[in-house]
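Undergrad: In the order they appear, the protein sequences are chains A and B. Here our numbering is used: the first residue of the first sequence is 78, the next is one more, and so on. Here our numbering is used: the first residue of the second sequence is 78, the next is one more, and so on.
Simulated from the structure, these hints should not be mistaken for laboratory data. Beta carbons are placed, not taken as given, at the ideal position from N, Cα and C, and that holds for glycine. Treat the hints with care, as some may be off.
[What the hints assert, rightly or not] If the Cβ cut is set under 10 Å, some of the chain B residues that face chain A in the computed set are:
| hint | residue |
| --- | --- |
| 1 | TRP103 |
| 2 | GLU119 |
| 3 | TRP292 |
| 4 | GLY307 |
[To be verified] Which residues of chain B face chain A? A few of them, derived with a C-beta cut under 8 Å, are:
| hint | residue |
| --- | --- |
| 5 | LEU94 |
| 6 | GLN96 |
| 7 | VAL97 |
| 8 | ARG100 |
| 9 | LEU101 |
| 10 | VAL108 |
| 11 | ARG111 |
| 12 | ARG117 |
| 13 | ALA123 |
| 14 | GLU125 |
| 15 | ARG296 |
| 16 | GLY309 |
| 17 | ASP311 |
[What the hints assert, rightly or not] Okay, the calculated beta carbon distance ranges per label pair:
| hint | chain 1 | residue 1 | chain 2 | residue 2 | range |
| --- | --- | --- | --- | --- | --- |
| 18 | B | LEU141 | A | SER166 | 46 to 56 Å |
| 19 | B | ASP83 | A | ARG136 | 50 to 60 Å |
| 20 | B | ASP298 | A | GLU275 | 10 to 20 Å |
| 21 | B | ALA274 | A | TRP292 | 18 to 28 Å |
| 22 | A | ARG111 | B | ASP83 | 29 to 39 Å |
| 23 | B | ALA197 | A | TRP292 | 26 to 36 Å |
| 24 | A | ASP344 | B | ARG111 | 15 to 25 Å |
| 25 | A | PRO345 | B | ASP298 | 27 to 37 Å |
| 26 | A | ARG263 | B | GLY273 | 43 to 53 Å |
| 27 | A | ARG136 | B | PRO410 | 52 to 62 Å |
| 28 | A | ASP515 | B | ALA274 | 27 to 37 Å |
Protein chains: 2
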Amino acid sequence: MTVYDDLMAFQRETEALAQVAGRLGWDQETVMPRGSAEQRAEEMGAMEGVLHARRTDPRLADWLAEAVAVDAVAEAQLRLIRRSFTRASKVPGKLAQEIARVTSMAQGVWAEARAKDDVAAFLPVLSDVVRLKREEGAALATGGDPYDALMDDYEPGATAETVGALFGRMRPRLVALRERVLGAGRDVAPLEGTFGAEAQMRMARDLATAFGYDWDRGRLDLAVHPFSSGAGIDVRITTRVAETDPFNCFYSTIHEVGHACYELGIDPDYRLTPLGGGVSMGVHESQSRIYENQLGRSHAFTGWMFGQMRERFGEFGISDADAFYAAVNRVQPGFIRTEADEVHYNLHIMMRFDLERALMRGDLAVGDLEAAWNDRFAADFGQSVPRPSLGVLQDVHWSVGLFGYFPTYTLGNVYAGCLHKALRLDLPNLDAALAQGDTSPATEWLREGVQRHGGLREPRATIALACGFEPDEGPLLDYLDAKFSAIYGV
Amino acid sequence: MTVYDDLMAFQRETEALAQVAGRLGWDQETVMPRGSAEQRAEEMGAMEGVLHARRTDPRLADWLAEAVAVDAVAEAQLRLIRRSFTRASKVPGKLAQEIARVTSMAQGVWAEARAKDDVAAFLPVLSDVVRLKREEGAALATGGDPYDALMDDYEPGATAETVGALFGRMRPRLVALRERVLGAGRDVAPLEGTFGAEAQMRMARDLATAFGYDWDRGRLDLAVHPFSSGAGIDVRITTRVAETDPFNCFYSTIHEVGHACYELGIDPDYRLTPLGGGVSMGVHESQSRIYENQLGRSHAFTGWMFGQMRERFGEFGISDADAFYAAVNRVQPGFIRTEADEVHYNLHIMMRFDLERALMRGDLAVGDLEAAWNDRFAADFGQSVPRPSLGVLQDVHWSVGLFGYFPTYTLGNVYAGCLHKALRLDLPNLDAALAQGDTSPATEWLREGVQRHGGLREPRATIALACGFEPDEGPLLDYLDAKFSAIYGV
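One chain only, chain A, in its complex shape (with noise of 0.2 Å):
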């Protein structure tokens, strides 16, 4: 055994440990007894202890002084230990584990409140939350910004001034397009009519299964906030269902399977090593983000989930492919992030962005928040938000203490530009095989370019190596233009 050895044998039971508080936490959100979260949030706060503990391990220092890299695997290895034994060092233990008890508790918090609108049941968890995350922004930043520290755990090397200056750049092309489709006067009919909870769900599967998904390492199920959990060989997904929305539950699924699909890509030999997991929470948006939109919301796609639909639902009020593709496509100011097209999504994370540095800051006092949000969204989208489960209670982020975590997928989303130009140009008849509702062609090429390779590489070189340039907006920009000029003859 050399010392590289010890290391990673330890690092190894590290991962496992990490992989079981991320399993709590999927249980928490899927199946728990809604009368056992305080409990739940001492045992996340145990394992947090846990987990800080063996991250700030004093022999890590050892190891990682005499350790030898003998190839660039191991090379990156060391270099992704070194970032988190540093990071952690930094952040008490105490604060890390109350970080973990107080989230796990106000998640649950949060999901009530949303339920019954209930601002004020939610600020005074919130409070604490944004305390102790604006505590362990100060332990983390050294000196330097605390939201940029926070950010560094989701996106490796990106800050609020490279961001910032991005959305910068995008906001008056989204802006735009914004206009020229809303000023249309073109009327795209959405989808109407209900639809079967069970039928929804079967469809989900199947479509999940199109995209690849692996159902021997995952399973499907229902969660208030869709998300995807866990690494190596159990991946899971969730969505929601509403009988009025089938394409919430479709796309929030497809979404998922983008998240999974990358876990469950990457290179078996990486497994429980800090190599096999997504890079960034960026690149992982871009897998999710062009499973989604750019494969699931094509025209050749939505061809044949047309025809599917038709098959399970019968009759539903549209009448052929191309109206389909527009009212899955179609461009509508609303009030919920995760359900906005694409035209406004970004538009969504650029005021969360805002709102977030405010708070970390301390420019922003939580009890103005809800004010903050409203008007901020008057400004944004001309609509005022009519209660808060529609506004600043909608996403799960802020209870779990995940700040810094919103521009990640705006950023997911240029990268999917990004890739979805490259994959193109690779893949000239892709569209033959989305029309059959095969997305294999795509999907390989995303594992071989992107996913299989895991925490290998930066964040951007990891999508500039995929695609063959250098990753920056223009391809997403150019990509919504494009689609939807045609769509709303503008």
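Model the placement of chain B on the given structure of chain A, informed by the hints.
TA: Below, chain B without anything else, positioned relative to chain A:
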């Protein structure tokens, strides 16, 4: 903070982590994707490593030496922590972790071997489990009987000698009762026909409710081998459904509700402490057995059940409550322990006790186990085992390393007999309530007398205090004689 407080704070986290490990077990047997077993084994191994390190933490020795108990509860906490520390310190960490890893794997191998009736597929991993458990038993026994040392984990104070003597006293009366009943010449009509799986599950839920199961702190799922899982405020149960055998589903459910209500009924002050779990497996089984048999299979309660089944399933070939009562309690030699009637049940345990002692002593090789099982079954039950899923592969226990566990089932029956005698004296009108589907007078008596005390007293003392007399096999055998003599007119 006193030394005692420090100790209890540390212990509380250990208990929380033990709950997490237990939840992983629940996950594995109910919802885990089938391709995930290998990773789960590593996760379980890592958790066991963490737990073992905490249970043998050198600080425990110091705290235990210095902590002062201010009352009987604190005394009991210290006694249980000391027992756990002494025990855990005898088992090398690597061995504990290896057992966790191998048994997690073995369980999946067992389930598949059982499904395929393939003993050979199970034997290699069973050999590993037997080898590891013998090693553990030897480490624990420090010169004494390894089997006793293993049994002590499940039933503190019990030994192979006392259990063997108890079984020796019980066997003649059980065999005599069986001969009388089977020789009576009275044919009790069994329940026949098919009963929809969904309707069975609805009735199972209603039966759980009738026995006081708290759905806010639990849930019901399907598992190959029904079990209950968890402590504190998250205690889940499982059952199984076969369309031709609704009693299996119903009584498995009631049985697991008994276990779950024990855990849920413990004084909330004991949650996540050593006192916050059932005191022993035998006492645990006394609760599941009395719920299932003395209450659930009573003439009064089955009268109510008969009405429920008629409402739900219409006519099903049994025309009155007396015939239904007889069908529920029909005595018949059978291969499967968990489906055995009350007359035969303990005979199944006695043969497992002898076989597993022989395995642990090394007198019986794993390769000879199936033959030994089949020979013994023919001798005790007069039937030859047609296939291993009806024989040596039927139980999960040995695959997960539970050697020394089986005797606690019969101890539970003996304790249930004592508790039933005592509660009937205290509750002369119980049958009137049971006949309305109301079990609360009995379940409240059990909660007050047994459940709420958790691990406060030793197992026998727990039962003796609840009953007002020292437990022995007399009440159980008297109850069985009276009940089955009446049903069979012998």
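Undergrad: Against each hint, give a clear statement of whether it holds in the structure.
TA: Quick rundown of the hints versus the structure:
Residue-level restraint check for TRP103 of chain B holds (minimum Cβ-Cβ distance to chain A is 9 Å; threshold 10 Å). The beta carbon of GLU119 of chain B is positioned within 10 Å of a beta carbon in chain A (closest approach about 5 Å), and the interface hint is therefore held. A cut of 10 Å between beta carbons decides the hint on TRP292 of chain B: the least distance to chain A is about 7 Å, and the hint holds. A cut of 10 Å between beta carbons decides the hint on GLY307 of chain B: the least distance to chain A is about 8 Å, and the hint holds.
Evaluation of the LEU94 of chain B hint against chain A yields a held restraint, the C-beta minimum of about 5 Å falling below 8 Å. Because the closest C-beta pair between GLN96 of chain B and chain A is about 6 Å apart, less than 8 Å, the hint holds. At about 5 Å, the closest approach between the beta carbon of VAL97 of chain B and any beta carbon in chain A falls short of 8 Å, and the interface hint on this residue holds. For ARG100 of chain B, the shortest C-beta to C-beta distance to chain A is roughly 6 Å, which falls under 8 Å, so the interface hint holds.
Checking LEU101 of chain B against chain A: minimum C-beta separation of about 6 Å stays under 8 Å; hint holds. This hint holds: VAL108 of chain B has a C-beta 7 Å from the nearest C-beta of chain A, less than the 8 Å allowed. The beta carbon of ARG111 of chain B comes within 6 Å of a beta carbon in chain A, closer than 8 Å, and the hint placing it at the interface holds. For ARG117 of chain B, the shortest C-beta to C-beta distance to chain A is roughly 7 Å, which falls under 8 Å, so the interface hint holds.
A cut of 8 Å between beta carbons decides the hint on ALA123 of chain B: the least distance to chain A is about 4 Å, and the hint holds. The closest approach between the C-beta of GLU125 of chain B and any C-beta of chain A is roughly 11 Å, which is over the 8 Å cut-off, so the hint fails. Proximity of ARG296 of chain B to chain A holds as hinted, the smallest CB-CB distance being about 6 Å (cut-off 8 Å). Annotation: interface hint on GLY309 of chain B holds; nearest CB of chain A at approximately 5 Å, less than 8 Å.
Annotation: ASP311 of chain B was flagged as interfacial toward chain A, and the flag holds, the nearest CB pair being 4 Å apart, inside 8 Å. The given range of 46 to 56 Å is broken by LEU141 of chain B and SER166 of chain A, whose C-beta atoms sit roughly 32 Å from each other. Evaluation of the 50 to 60 Å hint for ASP83 of chain B and ARG136 of chain A yields a failure: the beta carbon distance comes to about 25 Å. Between ASP298 of chain B and GLU275 of chain A, the C-beta spacing of about 19 Å keeps the proposed range 10 to 20 Å intact.
Roughly 22 Å separates the CB atoms of ALA274 of chain B and TRP292 of chain A, a value that falls within the hinted 18 to 28 Å. In this structure, ARG111 of chain A and ASP83 of chain B meet the distance hint of 29 to 39 Å, their C-beta atoms being roughly 33 Å apart. Range check, ALA197 of chain B to TRP292 of chain A: Cβ separation about 28 Å, and the 26 to 36 Å hint holds. Restraint check, ASP344 of chain A to ARG111 of chain B: a C-beta distance of roughly 22 Å satisfies the suggested window 15 to 25 Å.
About 30 Å separates the C-beta atoms of PRO345 of chain A and ASP298 of chain B, a value consistent with the hinted range of 27 to 37 Å. In this structure, ARG263 of chain A and GLY273 of chain B meet the distance hint of 43 to 53 Å, their C-beta atoms being roughly 51 Å apart. A hinted range of 52 to 62 Å for the beta carbons of ARG136 of chain A and PRO410 of chain B is consistent with their spacing of about 60 Å. The hinted range of 27 to 37 Å is satisfied by ASP515 of chain A and ALA274 of chain B, whose Cβ atoms lie roughly 35 Å apart.
Checked against the numbered hints given earlier, this structure breaks hints 14, 18 and 19; the rest are met.
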